[in-house]
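Q: Same order as they appear, the protein sequences are chains A, B and C. Numbering follows our numbering, with no gaps: position 97 of the first sequence is 97. Numbering follows our numbering, with no gaps: position 167 of the second sequence is 167. Numbering follows our numbering, with no gaps: position 268 of the third sequence is 268.
Worth flagging that the hints you see were computed from the coordinates, not collected in a lab. Predicted model, so just to flag it, every value in this text is computed and none were measured. Be aware that one or more of the hints could be misleading.
Restraint-style ranges between C-beta atoms, simulated for each label pair [claimed, not checked]:
1) 313(B) <-> 91(C): 39 to 47 angstroms
2) 302(B) <-> 203(A): 57 to 65 angstroms
3) 11(B) <-> 157(C): 30 to 38 angstroms
4) 249(C) <-> 204(B): 32 to 40 angstroms
5) 40(C) <-> 127(A): 45 to 53 angstroms
6) 13(C) <-> 92(B): 27 to 35 angstroms
Glycine included, every Cβ here is placed at the ideal spot set by N, Cα and C.
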Amino acid sequence: MSVAAIKKSPLIEVRNLNLHFGAFHALKNVSVSFEAGQLIGLVGDNGAGKTTLIKVLSGIHKPNSGEVYFDGEKVREFHPKLAIKFGIETLQQSVGLCDNLSIARNFYLGREPIKRWFGIPFLDFKKMREASTKVIRTFGLRDNVSADDLVEMLSGGERQSIKIGRAVEFKNRVVIMDEPTNHLSVREREHVNELAQQMRDQGLLVIYITHDIHQVHKLADRIVIMENGEKVTDVAKHEMTADELEEVIRCGGRVVEKASEVAPS
Amino acid sequence: MTLSTRIFARRPDFGAIIGVALLFVVFSLIDFSGWWSGRTLGNILQFTAILGCIAIGQAIVIMVKEIDLSVGSVYGLTGIAYITLEADLGIPGAMLAAMTIAGSIGFLQAMAVIKGKIPSMIVTLGGLFAARGLIYVWTGGSVRTMPADSRAHWLNQLFGGELFGIDAAILWLALLIVLLSLVVWRTKFGNRLLATGGDENTALSQGIRTDRVKTVAFVLCSLLAGFAAILTLADDPRTHVTLGDLMELEAIAAAVIGGCLLTGGRGSLLGAVLGAFIITSVRYQMISLGAPASWYITFVGLVVIAALIFNQFLARWATKQA
Amino acid sequence: MMGLSIRQLVRQHSEIGIILIAILLVMFFSTTSFDRWATAYNLASIAQITATLGLLALGASLVMGTGEIDISVGSTFGIGALVYLGTVATIGPLPAMLLAAAAGAAIGLFNGFIVTRFGVSSLLLTLSTLLVFRGVAVALTDGFSFSVPYGERSGFLYQLFGGGDFLGVNTGFWWLILGLAVLMVFLYATPGGSRLLAVGGSAESARSRGIRVTRVKVRAFIICGVLAALAGTLEGGKLGFADGGMGRLMELQAIAACVLGGCALLGGRVSLVGVVVGAFVLSAIQSYLVVNGVRPQWFMLLLGVIVVAAAISDRHLRDWALRSR
Chain A
1 MSVAAIKKSP LIEVRNLNLH FGAFHALKNV SVSFEAGQLI GLVGDNGAGK TTLIKVLSGI
61 HKPNSGEVYF DGEKVREFHP KLAIKFGIET LQQSVGLCDN LSIARNFYLG REPIKRWFGI
121 PFLDFKKMRE ASTKVIRTFG LRDNVSADDL VEMLSGGERQ SIKIGRAVEF KNRVVIMDEP
181 TNHLSVRERE HVNELAQQMR DQGLLVIYIT HDIHQVHKLA DRIVIMENGE KVTDVAKHEM
241 TADELEEVIR CGGRVVEKAS EVAPS
Chain B
1 MTLSTRIFAR RPDFGAIIGV ALLFVVFSLI DFSGWWSGRT LGNILQFTAI LGCIAIGQAI
61 VIMVKEIDLS VGSVYGLTGI AYITLEADLG IPGAMLAAMT IAGSIGFLQA MAVIKGKIPS
121 MIVTLGGLFA ARGLIYVWTG GSVRTMPADS RAHWLNQLFG GELFGIDAAI LWLALLIVLL
181 SLVVWRTKFG NRLLATGGDE NTALSQGIRT DRVKTVAFVL CSLLAGFAAI LTLADDPRTH
241 VTLGDLMELE AIAAAVIGGC LLTGGRGSLL GAVLGAFIIT SVRYQMISLG APASWYITFV
301 GLVVIAALIF NQFLARWATK QA
Chain C
1 MMGLSIRQLV RQHSEIGIIL IAILLVMFFS TTSFDRWATA YNLASIAQIT ATLGLLALGA
61 SLVMGTGEID ISVGSTFGIG ALVYLGTVAT IGPLPAMLLA AAAGAAIGLF NGFIVTRFGV
121 SSLLLTLSTL LVFRGVAVAL TDGFSFSVPY GERSGFLYQL FGGGDFLGVN TGFWWLILGL
181 AVLMVFLYAT PGGSRLLAVG GSAESARSRG IRVTRVKVRA FIICGVLAAL AGTLEGGKLG
241 FADGGMGRLM ELQAIAACVL GGCALLGGRV SLVGVVVGAF VLSAIQSYLV VNGVRPQWFM
301 LLLGVIVVAA AISDRHLRDW ALRSR
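Chain A on its own, in the form it takes in the complex (with noise of 0.2 angstroms):
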């Protein structure tokens, strides 16, 4: 520990994170570090606990014990406006967008920009259009989308680069990917890769969250494998081989310790 203070602190770091759903232990003691510029992909099965972990870092739940860093500071209250506060952004496959409200709206919910007239918050309408219509062009929506449509005519793909520009945009300093590309078109897959290696290239923190192992080996500078609520596997990427780290899914735990020994860590 003492090293890790010397040291200049990693970005996010989780010290042994304990969460129960009544009777069920989401998390068991898991402890795991992530620094800027990395690409991480977090992977492992269903019910592997990686949503759940994910889920304390952008505030929706608290932990039973255990403690979370920011930048060096010990998190003391778990609240989603907090995590947005210091910058991270979690983007979730079905969450995220209102599909009642048009792109610029849904640009800045949360923190909309306002002029103030007579004391009255106006919304700074030409602001938010500005801002989301750079980002319409720049993340390869069709050209024929304007900031004032409405979210609900968007493809999925599209609604996923909105949600990284919006990312990108407010200057976050860690984007979560919670499963980006389920339900994707493999063109709109491929896009919605690129924009997260770009991110990453910018100095951005990237979690990306994936069963696919083959997909995230690509992209990913380090992997992180969960199976039942633990962390099994954490590895840079050249130490072990795709398919390697499939066969250490596969077999849940169990080859661990063969994993490991494979791994100089």
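Chain A is already provided as a structure; the job is to place chains B and C on it using the hints.
A: Below, chains B and C without anything else, positioned relative to chain A:
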């Protein structure tokens, strides 16, 4: 706090059972109306039978995750149709016609919900007013009664008379509870009913025609409301335009007290009847106490709020594993 | 191309349907009522009814926008009228109005608190509070009615709150215009409005953006209660008396006006102009029946049919507009 208490508490009608037990204790201690006298309990049971009949229908609709706000008006309309048509069609004809009207209102509402794809709340809120309006238009606000010789008709006696000193309505209710509980918990249809309410998409993917199940639930609910009207009027054949006014709220209250959660797939017919019993007996006590009638609806409202909150807590507590 | 642009129009302005219906009805009513409907006097009285119903429906539409529903507005309306009329003679119109608004806010707070704190269905809860406060209203008046002596009805402030006319129309109408303008600014041009619609569209998404969903919903319930009580104040001021049954059926008319006006029942889509036009259509139909000597009972029957028909046609119009891009 043993496992068996939790299993018992997990019963949807747990709250209602506790409520009834509490009610008996309280009303035995503080007695305004001669609670244990045969006449009081007899009267309360008869009202319970009528309200319980409607509440069972409501519970079935709530089990498929819909709601029927029109039952009070359907109850009134069926009753008025029964009395009015009796002059032309005779007792059997009028009864059949009245029940047909009730059933077709249920069917129409089901169609609007399923084909029109709009929430049942709005459809049946509309149905509530349409049927009530129909009552006003039809009767012009006048009071109707039935001639004495029609009252003595055997069919009328079957629904409104007495057997071994017990009101026929109570026996009919007992029959309905047993029959419908068997249907809900022991038959294929009941299984589909619960599946439709629990998770409609899953039910659909398993090949269950959820639209048919819902239609049956709505029609059944309207028929039960109509049947309640016939039970009422066979006993005391007088109608006025406000017949069944606010009855939908009492029925929903009874179903909610009985453990229906509006989240579908859960509920209890017996609970709904017990809920009806609680509401009716409290009303009876309040009247005996000389409380103004207006406090009664305030009270029903408060009871529903308390039941809603209590059942929510209970459901959360019971589903938590020990 | 033409069809496409109409679709776009319908998609973005859900009030189009009701405005068309209103125009057709006005034309139909003016030509078939032998000049009894389209008179200045009758139109002014329609404007007054529209005013109270409109304010009531505006509040209900905000709650509907968050994905909840408030059926208790009918009782809140009655309580508002009773509080105002019960106190106006002793403490004056302005404090009485504020008191009524406070009562409305309290009812709204209660509804909102129970719904968000306990996760209870808002339909059932507000149905219960409808009963509770209806009973309270009847008990308050003890079966009689509250009325204001004629001598008290001439003051400027009394006339301001529904008791008089301005430019030939009841002052309630101008309150409706004011309320509509304020709410439109709130809903379409401030962060609060965006967040309200976001909560109704997808509460989960709104929460993930750091919006405090509970607070937004409670606030909507409170605004709804205040508006309902104000509508009651205006109606009470107009009539000069009120009894415990005041506001009966108003809850259904308010919901009907919302649905007619193109608000989505499940939340996320509110058209304030549509709601007011919806209230106008209902008032116009009611008045048409009256001037043509149709028994008022028919209105109840019609109201039920209109609500269902409006909901179905709104649904189909919406589906059609969304079908292709």
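Q: For every hint, state whether the structure bears it out.
A: Against the structure, the hints come out as follows:
1. For the hinted restraint 39 to 47 angstroms between residue 313(B) and residue 91(C), the CB-CB distance of approximately 42 angstroms keeps it satisfied.
2. Range check, residue 302(B) to residue 203(A): about 59 angstroms between beta-carbon atoms, so the 57 to 65 angstroms window is met.
3. Judged by the Cβ atoms, the range 30 to 38 angstroms given for residue 11(B) and residue 157(C) is violated: they are separated by roughly 58 angstroms.
4. The given range of 32 to 40 angstroms is respected by residue 249(C) and residue 204(B), whose C-beta atoms sit roughly 38 angstroms from each other.
5. Under the hint 45 to 53 angstroms, the C-beta atoms of residue 40(C) and residue 127(A), about 48 angstroms apart, fit the expected range.
6. Checked against the given bound of 27 to 35 angstroms, the beta carbons of residue 13(C) and residue 92(B), roughly 56 angstroms apart, lie outside it.
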